[in-house]
Amino acid sequence: MRARNNVTGKTAQRNFFEDFSPGQVLRHATPRTLTTGDQALYTALTGSRFALHSSDVFARALGLPQAPLDDFLVFHIVFGKTVPDISLNAVANLGYASCVFGVPVYPGDTLSAASTVIGLKENSSRETGVVTVRSTGVNQNGETVLDYIRWVMVKKRDPGAPAPTPVMPDLPDSVAVENIAVPKGLDVSAYDSGLAGSEHLWDDFEAGERIDHMDAMTIEEAEHQMATRLYQNTARVHFDLLAAKAGRFGKRIVYGGHIISLARALSFNGLANAFRIAAINGGRHAAPSFAGDTIAAWSQVLEKIVLPGREDLGALRLRSVALKNQPGAGFPLAGTDGKSDPAVVLDLDYTVLMPRR
Amino acid sequence: MRARNNVTGKTAQRNFFEDFSPGQVLRHATPRTLTTGDQALYTALTGSRFALHSSDVFARALGLPQAPLDDFLVFHIVFGKTVPDISLNAVANLGYASCVFGVPVYPGDTLSAASTVIGLKENSSRETGVVTVRSTGVNQNGETVLDYIRWVMVKKRDPGAPAPTPVMPDLPDSVAVENIAVPKGLDVSAYDSGLAGSEHLWDDFEAGERIDHMDAMTIEEAEHQMATRLYQNTARVHFDLLAAKAGRFGKRIVYGGHIISLARALSFNGLANAFRIAAINGGRHAAPSFAGDTIAAWSQVLEKIVLPGREDLGALRLRSVALKNQPGAGFPLAGTDGKSDPAVVLDLDYTVLMPRR
Amino acid sequence: MRARNNVTGKTAQRNFFEDFSPGQVLRHATPRTLTTGDQALYTALTGSRFALHSSDVFARALGLPQAPLDDFLVFHIVFGKTVPDISLNAVANLGYASCVFGVPVYPGDTLSAASTVIGLKENSSRETGVVTVRSTGVNQNGETVLDYIRWVMVKKRDPGAPAPTPVMPDLPDSVAVENIAVPKGLDVSAYDSGLAGSEHLWDDFEAGERIDHMDAMTIEEAEHQMATRLYQNTARVHFDLLAAKAGRFGKRIVYGGHIISLARALSFNGLANAFRIAAINGGRHAAPSFAGDTIAAWSQVLEKIVLPGREDLGALRLRSVALKNQPGAGFPLAGTDGKSDPAVVLDLDYTVLMPRR
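Chains as they are written, first to last, in this note's numbering: chain B, 1 to 357; chain S, 1 to 357; chain F, 1 to 357.
If you are wondering where the hints come from, they were derived from the structure by calculation, not from laboratory data.
Errors might be hidden in some of the hints.
What the hints assert, rightly or not - Not everything, but these chain S residues come out facing chain F in the computed CB check (under 8 Å):
| no. | residue |
| --- | --- |
| 1 | Leu45 |
| 2 | Gly197 |
| 3 | Ser340 |
Everything numeric in this text was worked out from a predicted model, so none of it was measured.
Virtual Cβ for every residue (Gly too), placed ideally from N, Cα, C.
Could you put together the complete structure from these sequences and hints?
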């Protein structure tokens, strides 16, 4: 492990594995007011075109005050705040669980975030350990906009430091239906599927069904860097070519969240009516992506979920798989050796809301 | 013609030539609220710097409520909506006619669009046909912001499908002066040409006069991709390097509208007082542009137009020619063989408003 | 000196050395309303994450009406306006002095700018001369937002033109403490250093102390071009690869102001509480930067300044040094030959405000 001298101590080295303790609360820096400028950039960087996030008029017809910001933009903003405290010294972002999207975020809302350490386990190498945190993003009224668990492999400052008593959090397989939040006031009786871009509503999908989203996008360095800076995510691997040249890949790594956003935008072609992300049940960045990679995606309906008390609206549990440099046709997933197909870069299990007939 | 399997039928293949019929109306998806974020991106991506679109104070001095969005930003937003329904399976965008800019668009306005098929003609190859549509963009009050005709060469799904009875629309050479819309309330008596950046007003231009705009801009992949995604234009040729490698050029093609915007921005140097695009009379993308190309432009005054009832304001019909990898000096247009000079990428015939002395 | 023909005279060649005269006032074009869109782009292009500029809630807690735009965004907007009149024919941007940041700029404010020629001196080569101007940016209420002196080496149109009587302005070493403007209503008693991202306040810094900011960012062509166009800075060297290929470096040069913004953003790691730029005392672009360069930075505290009548707030005079393709560790500055280390691209002397304990 290379240590850089911080001569004066003013520069933050941030937390290593031994700096975390069970129950510890970390209040993250840089509260952020989100604006229509952020949404415009998100659209330009990802190609998002879901009607609800594109049009105030469409949003008002559904009972909301104006177009809410894209759900994954909110995710990345909250995630970005956690990076300096949780994962600046991480080797790998291992997974997500129990991610619930709360109240929608509108232009002018200010988000801040905090995390609680809920799991700690040193690895057998003694060089790293797994830290599990529950992170919560709230708006200026204290309402939760996002709540999720993630676990990361973090370097130890000193491999010789004693191992903590392992704490293993209980991680549910998926977000329970009673935890899915339908935005207050949402009424899809006036939902216009023509304007939304697809006639396929909740009733038309079947569990097991697979959809090739067909479109694909090639990533440029400037794009992923701009996106990641927009989220004020400071992980060095995304920005510093000089350091990256000495590293494992010899180049900058694309923020995994950018791949999530591209997969979501590509999914419009087939899932245009999946107007709201309700939850992330789990997710895995199967391989890193780099500038020059072309990202395609396919999805599978894992489950059709009836929402208690709602006849206008259902939920779909989806698996979206993002691929690099390979089309989605054929739905590649596992390689011949049983491991992930090497083209798979993302395997995301999440839940969306969709109008019913 | 290569067909990709859409296993579940959820992914839209969109319209092929035989899916169009005369009089057919297509209502396009994704209504869009435009914001100051979109304008900021447009400025950053194109270099636009016309005072009316840059300053609320300047706009108010001319009787408008605030700075309207750039006219070509509005054009690209409306155009982008038509792409999935009209030109996703197009081989070429052949031309524009009768394009009139209606009421100005302000931040907060929501645009939607529809198209009517007004022409259909199969090509002799039987593999493609020409589809002509009239597309209209409206704001949230139902006011027309843009109305134009374009024709595209679209692939047939099945070359053996029967040819429709040819319908040939009547296309005027130019937008008639009585169809030119002057924004309501516009009063240029307080127009400040010093702030606008040039002392050359309508009276100072002569028909036939040519202007080398001198500046030039080199296009990057990230720039044209971001611009095209901002417009929610989903044509695959602009984004998917993997597919492009198997195609005719082996690389991504820059959206032709991005070249229009660059030519317009470059024209500031000489035409800074052309504060409003009133019409596009015709236009041709003479050759494709690619990342790495340096775009320059020159313009010629085709006609000086007196606007009935206005002594403060006149119109100029202009031809702007955009070039790749060649300066505008010398006004390149036709090559030695009588065809377009190979450097010409755009030949646009349009009408602008400009204050009179 | 190459002259390009401007056939009609409509295209501005702008000012050469002999076009300037002492006391001359140049009123610059393109007034600009700044918006949250501009701020979002600034964040995405530079990585800025100071809490005051990121959060309306944080700003209100300090007595301001909302989050002001980043100070260097304001600087670049004003600077950009001066380029067409002052430095379009400049060979080099030589230096800055006496730069004072006035009232904060908020989304919706409209800035315009003017410059007065305060110095003129022909160089011995007779091909160029040094022009010194004092430039002032004001908002829509006529309040000064920025006031600074810069000097540039400008080409003569005609080397044989007679030399003007040299006028040498008096340039102070630094902005005097009585000229430092604290934003009206600012009250840092509720300053939350946890949200700001660092526990190190004014009291914790010592004159002479050096800080390696550790982070680094690699510049892409699309990024510096977008930033420079956002500022409506039209200097051709940043955009035109075709012309650049025939020039001294064979490639586009990054706008020096983009390096200032990157150095400022990188300085967050160590100086997160330097929430406001109050002044630039002097600055030098030691070497050009190009796309592909990785920028790192370090800073030194030159002076701790007590602000008269304020016990809640102090100022720090800082030197920030930006480096290309070399980390800040070791604080590189002078090379072995006594000249600048070749990695140094910026040496900026400026003054920031910071809360006291």
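Which of the listed hints are broken here?
3
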